[in-house]
Every structure is written in structure tokens, then in C-alpha cells.
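For reference, the chains in residue letters:
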Amino acid sequence: MITETDELERTLEGLLFLSSDPVTPEALADAAGAEFDEVVAALQALREDYDAQRRGFVLRELAGGYVLSTHPDVEPAARRLLARPRTPPLTPAQAETLAIIVYLQPVSRPEIARIRGVSAESAAATLLERGVIEEAGRSSFGAVLYRTTELFLKLFGLGSPAELPEIEGFDPSPEFEQELRDRLLRAGDARAGVGATTGSEAQPSDAGA
Amino acid sequence: MITETDELERTLEGLLFLSSDPVTPEALADAAGAEFDEVVAALQALREDYDAQRRGFVLRELAGGYVLSTHPDVEPAARRLLARPRTPPLTPAQAETLAIIVYLQPVSRPEIARIRGVSAESAAATLLERGVIEEAGRSSFGAVLYRTTELFLKLFGLGSPAELPEIEGFDPSPEFEQELRDRLLRAGDARAGVGATTGSEAQPSDAGA
Amino acid sequence: LTLILREEVDLLEVDLADVVITYIDHLERRGELDLEAATEFLVLIAALLELKSRLLLPGEEIEEVGLDPGEAAEELLVRLLDAHRYRAAAAHLQTLLEDESGHRFRSAPPPAHLRKARLHDAHAVYAPAVLARAIGGLLQLPPKVDLNHVTIHKVTVAERLAHLRRLLRRGVFTFSEAVAQADRVTVAVTLYALLELHKQGEATWTQDTPFAEIEIAATGGMTTVTRLTA
Chain G
299 MITETDELER
309 TLEGLLFLSS
319 DPVTPEALAD
329 AAGAEFDEVV
339 AALQALREDY
349 DAQRRGFVLR
359 ELAGGYVLST
369 HPDVEPAARR
379 LLARPRTPPL
389 TPAQAETLAI
399 IVYLQPVSRP
409 EIARIRGVSA
419 ESAAATLLER
429 GVIEEAGRSS
439 FGAVLYRTTE
449 LFLKLFGLGS
459 PAELPEIEGF
469 DPSPEFEQEL
479 RDRLLRAGDA
489 RAGVGATTGS
499 EAQPSDAGA
Chain L
299 MITETDELER
309 TLEGLLFLSS
319 DPVTPEALAD
329 AAGAEFDEVV
339 AALQALREDY
349 DAQRRGFVLR
359 ELAGGYVLST
369 HPDVEPAARR
379 LLARPRTPPL
389 TPAQAETLAI
399 IVYLQPVSRP
409 EIARIRGVSA
419 ESAAATLLER
429 GVIEEAGRSS
439 FGAVLYRTTE
449 LFLKLFGLGS
459 PAELPEIEGF
469 DPSPEFEQEL
479 RDRLLRAGDA
489 RAGVGATTGS
499 EAQPSDAGA
Chain S
17 LTLILREEVD
27 LLEVDLADVV
37 ITYIDHLERR
47 GELDLEAATE
57 FLVLIAALLE
67 LKSRLLLPGE
77 EIEEVGLDPG
87 EAAEELLVRL
97 LDAHRYRAAA
107 AHLQTLLEDE
117 SGHRFRSAPP
127 PAHLRKARLH
137 DAHAVYAPAV
147 LARAIGGLLQ
157 LPPKVDLNHV
167 TIHKVTVAER
177 LAHLRRLLRR
187 GVFTFSEAVA
197 QADRVTVAVT
207 LYALLELHKQ
217 GEATWTQDTP
227 FAEIEIAATG
237 GMTTVTRLTA
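Residue numbers (the working numbering), protein chains in the order written: chain G, 299 to 507; chain L, 299 to 507; chain S, 17 to 246.
Everything labelled a hint here was simulated from the structure, so no lab data went into it. If you're wondering where the values come from, they're calculated on a predicted model, not measured in any experiment.
To be clear about the criterion: a stretch of chain L counts as covered by chain S if any three or more of its residues have a C-beta under 8 angstroms from a C-beta of chain S, and this derived list gives those stretches:
#1 364–370
#2 392–403
#3 409–421
#4 448–458
#5 468–480
Selected chain L positions facing chain G (Cβ under 8 angstroms, derived; list incomplete):
#6 Glu311
#7 Leu313
#8 Arg352
#9 Ala375
Virtual Cβ for every residue (Gly too), placed ideally from N, Cα, C.
Required output: the full structure, derived from the provided sequences and hints.
Laid out in C-alpha cells, this is it:
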């Protein structure tokens with residue numbers, strides 16, 4: 299037998315599904331265009347439904363609001379799903395961004411962009427999301443700093459960042475990092491300079507026609 | 299009357315609730331410790347349940363995986379709660395650039411500009427920023443190549459780019475094509491000094507001279 | 017669109033910039049400046065520009081390059097149809113997006129305690145050399161960039177002409193071969209030299225599709241080689 303969900307319950311369910319943080323019943327009532335009391339009653343009904351139907355998530359009351367979260371029974375499976383590190387091949391942009399971070403860490407996003415000559419925003423976001431890099435405070439200018447994580451070391455089979463392969467034609471020295479940083483920034487600026495004067499490169503069809 | 303959710307369905311529901319991006323049935327099967335076929339059948343059952351019970355969310359197959367999204371009926375309330383539309387609409391330039399990329403991917407910016415007749419620079423930059431396209435290496439001429447992303451498929455409700463109609467499906471009507479051809483050939487003849495008078499009375503021709 | 021096509025003048029004699037401005041003015045005067053028409057017009061003008069640039073190059077050899085007016089019109093037609101096709105596809109995408117506007121996705125990150133187990137399942141799947149290569153690539157200074165930007169470029173057309181003629185004597189070669197490892201200025205000058213060779217009737221080239229490799233071959237008239245050595 300099928301129990302149709304009441305219209306208000308349905309709306310509340312959708313709203314809670316979208317909200318990662320607890321939402322107050324007042325806010326829910328405003329959004330759903332319903333009375334406060336109706337909303338509280340509907341939430342109560344939803345909660346009982348979820349329990350009775352043994353759904354995969356539960357409705358919880360937290361910090362003065364309501365929030366959906368997975369049922370504890372599902373957690374082992376969830377751990378298996380989320381624990382599997384996602385490791386598709388790195389795109390060139392991701393490899394460059396990650397390389398800059400691992401060799402210069404901690405390093406700020408503007409610095410990465412300056413070295414690459416293009417924004418590193420989406421590559422950095424993906425690396426963050428996959429857990430291979432993490433934020434490491436802020437620079438004196440307020441920019442977010444990045445460093446690599448333990449997961450990064452495992453995925454690259456490294457014991458520590460010190461085990462990184464040597465860069466060809468680059469002498470490791472006490473000033474290694476500062477010099478590497480300087481040289482990368484110089485090369486990045488040079489590339490940016492080139493980019494600025496060769497807009498014609500964007501039109502290879504001229505050359506081909 | 300209460301229908302208890304099957305154990306596997308319950309687990310899958312919890313997993314999908316946790317995943318904001320589409321999850322492949324293979325990954326779900328691994329995490330749930332179930333067979334692929336069982337998982338596909340359970341997902342099908344879940345989807346039917348959601349529809350029949352008029353839940354606040356629906357189960358959809360997008361970008362090669364499964365993902366939960368809100369039911370469109372919840373949208374008015376969701377807009378009030380979150381105070382913003384889901385995705386800002388595309389400008390015509392962005393939509394054209396995206397269409398060329400999805401059909402010709404990987405494709406370079408100069409090629410896009412060639413088809414559009416105007417630069418695709420700012421449109422491509424916005425699409426990149428929104429995450430619906432991404433870089434896909436460089437062409438032999440050093441131009442950045444673009445392709446669409448999983449987010450593109452998710453936002454446009456597609457399982458894969460192959461679900462789009464064939465590009466030939468968008469051919470202008472034969473009448474329109476004939477009309478264009480006639481006009482162009484007339485102009486060509488005119489330039490060659492043949493039939494220079496054809497149709498010149500139809501419209502004022504002084505404006506461009 | 018029609019206005020341009022009706023212009024019964026040689027493409028070579030048209031100042032396209034004038035045409036564009038006149039046309040836009042014309043539309044504005046009539047209060048008809050709609051985007052649809054303007055876009056179509058731009059596609060056409062871009063195609064005309066490309067045709068014109070090609071017409072300018074080989075002098076009298078228009079027929080040889082296959083640009084009699086009929087074929088030129090045919091090429092324009094292909095262009096316009098292509099633009100129309102993708103504009104229709106774009107409209108379809110807009111519809112899809114609109115149809116989807118009622119579906120929202122959760123954007124909440126999974127709770128941290130469910131992600132903690134990740135490390136146990138991590139295996140070494142990436143080679144560290146990838147990182148060394150990436151950083152090595154970033155360390156490279158663009159070739160010769162300082163010289164080219166500070167001083168006048170040192171590549172002359174004469175040098176590149178001589179270079180191309182040397183290659184021609186050996187047989188057919190591709191443009192990429194001719195400019196292997198060359199900097200951008202050299203590539204540009206080489207292209208200019210190639211156009212010069214074509215004008216002199218010393219070389220021809222073929223290119224299957226735009227952006228494809230250009231194959232260059234001697235026309236056979238090697239006697240002209242000595243004529244131009246400036």
C-alpha cells in the first residue's frame with residue numbers, strides 16, 4: 299500500500315534535503331507559506347514516517363533547527379563509498395597546481411596563479427575536494443595558503459614530502475625552496491608577458507589558411 | 299499502512315543522500331556490498347517509490363550515475379528559502395559557445411570563434427568559471443582545447459553528451475537553406491557580371507555601398 | 017545580409033570596416049538593430065574577411081585557389097548554415113536548462129567523520145615523476161622571450177626564404193617541419209616568406225582542413241629561384 303506524502307510534508311522534505319545546516323521551523327514556515335504550528339506538526343509526522351519506514355536518513359532537531367542526516371545504519375556503507383579516494387588521472391592544470399603546492403608549500407592561491415599564468419581556482423578546488431591538498435592558514439596578505447595532505451603522500455607512494463623526485467637541472471641547496479620559488483615566479487611572469495603580446499597566437503587559422 | 303524499506307534500498311538511499319554528484323551503480327554496489335544487478339533493481343524500486351509516494355525529491359540518472367534532486371514542485375519554496383535561482387540563465391553568446399563545445403569537443407577557442415564569427419573569449423571564461431566546461435589539453439598550435447564537464451550534464455539533465463539530438467537535427471529548413479543559397483549565388487553572379495540585375499529591386503541596396 | 021550580398025563590387029575593393037559601420041548605422045537609423053540580425057551579419061563579415069585575405073594573397077591566381085564567385089558563395093553558405101545550426105543547438109540547450117530549473121541538488125559536503133577512513137584505502141596510484149615534470153615545465157622560461165621583446169627581431173624574410181628554398185630543393189615538406197623549434201617571430205616571418213614564394217610561383221601548398229598540417233611543394237619552376245634574394 300502506498301501512502302502519499304502530504305503536500306506540506308513533501309515541501310518540507312525537499313527544503314531539508316537542500317539544507318546542510320539546521321533550519322529553524324520559522325524559516326521553513328516562511329518558505330513553505332504555512333503556519334508555524336502546521337510546520338512543526340508536519341515535521342513531527344515526517345520524522346515518524348522516516349523511522350517507521352526505515353528510511354536511509356533521519357530527521358533530527360539540532361541547535362534550534364531541523365536537519366536531515368544519514369541513518370547510523372548506513373554509515374559503514376557510506377564510509378566505504380566516501381573512503382574510496384577518487385583518483386582519475388590528473389589533468390595538466392591539476393598536475394601543475396599540485397606540483398607547485400608540494401614543492402613550495404605552504405603556498406597561496408595568487409602565487410600559484412602567478413606561476414601558472416592562469417587562474418588555479420578550479421584545479422585547486424578539485425584537489426581540495428579530493429583531499430590531496432588542504433588549507434594551511436592565511437598569508438600575511440590574507441590569501442588562503444595550501445599544503446599537501448597525508449592522503450597525497452599515500453596516493454603518490456611517498457613517505458614524506460622530502461622524498462619528492464629531484465627536479466632536473468636543479469641543484470638542491472639550503473636555499474632550494476626560495477630559489478625555486480623565485481625562478482618559478484620569474485618564468486610565470488615571463489609567460490604572462492608573452493601572452494600579453496601575442497594575441498595573434500589565438501588565430502592559428504590565419505597561419506593555416 | 300507502513301511499507302518498510304528494503305535493506306539495500308535503505309542503504310542506497312542513505313548513500314545517495316550523502317552524494318551531491320552522480321554516483322555510478324558500480325560504486326554504489328561496492329559500497330553497499332551488493333551485486334550490480336541487485337543495485338540497479340533496488341534503484342529502480344526506489345525511484346518508483348519516490349514517485350508513488352510523492353516525495354520531496356526524485357532519483358535521477360545523470361552524467362553516468364545516480365543522484366537525488368528536489369522535485370520541481372518544491373522549487374517555489376526552495377527559492378524563498380535559499381533566495382536565489384538554481385542556475386543563472388546563459389546569455390546567447392554563452393549558449394552558442396557551449397553548444398559548439400558539446401558537439402565538437404575537444405575544440406579550441408579559435409575554432410569556436412570561427413564558427414560563431416565573433417570572439418568566444420569572455421563567454422568561454424564565464425563557462426569555465428561556472429564549471430560547465432574545462433580545459434582538455436592543447437591543440438598542436440598551442441590553443442587551449444575545451445570539453446564539457448560532469449556538472450554540465452548534471453545541470454542540463456543529461457546522462458551523456460550522446461543523449462543530445464544529432465547536430466544535423468538543427469539544420470535550417472530546406473526552404474531557408476535554398477533561400478540563403480539563392481541569395482548568395484545571386485550575389486556571386488552579380489560580382490562575376492552575370493545576371494547583375496536579379497532581384498535588386500526587391501530591397502534597397504544603397505545602404506551598404 | 018542581403019545588403020552586403022547585393023553589393024555588386026569586387027570583394028577586393030571593399031573596405032569591410034566601412035561596410036560594417038555603414039550597415040550598423042543604417043540599421044540604427046531604421047531602429048532595427050536587433051541582435052539576431054547583427055549576429056548573422058558578423059558571421060558573414062568574418063567569413064568575408066577570411067575570403068578577402070585569401071584573395072589578396074596570390075594575385076592573379078584566384079581560379080587556382082578555387083575562389084571563383086560561385087565557390088566563394090558556396091563557402092559562405094556552409095559558414096552561415098553552420099552558424100545557424102549551432103545557434104539552434106544553443107536554443108535547445110537553453111530549453112534543457114530551463115526544464116531542469118526545478119531540480120536542485122544537495123551541495124552539502126559529507127560529514128567529516130564519514131570521510132576519515134580514506135587513508136586506509138589509499139594506494140599509490142600516481143607517479144611522483146608527474147610532479148617533477150610539471151614543475152620542470154613551469155620552470156622553463158619561454159624561448160628567447162627576452163631578446164625578442166627588447167630588441168628588434170633578428171629574423172629576416174631573406175633568411176627564411178633561403179631556408180624554405182633549401183627545404184624545397186629536398187622535396188615536399190610540412191610547415192611544422194619548416195618551423196621546428198622556432199620561436200613565434202620566426203614562425204610568422206617564415207609564413208610571410210612562404211607567401212612570398214607562392215607569389216613568385218615557386219611553391220604551392222595544400223591543407224586539408226583548417227588547422228590541419230600544411231604541405232608545401234615546389235611548383236617545378238626552380239629557375240626563378242635566383243631572381244629574388246633580397
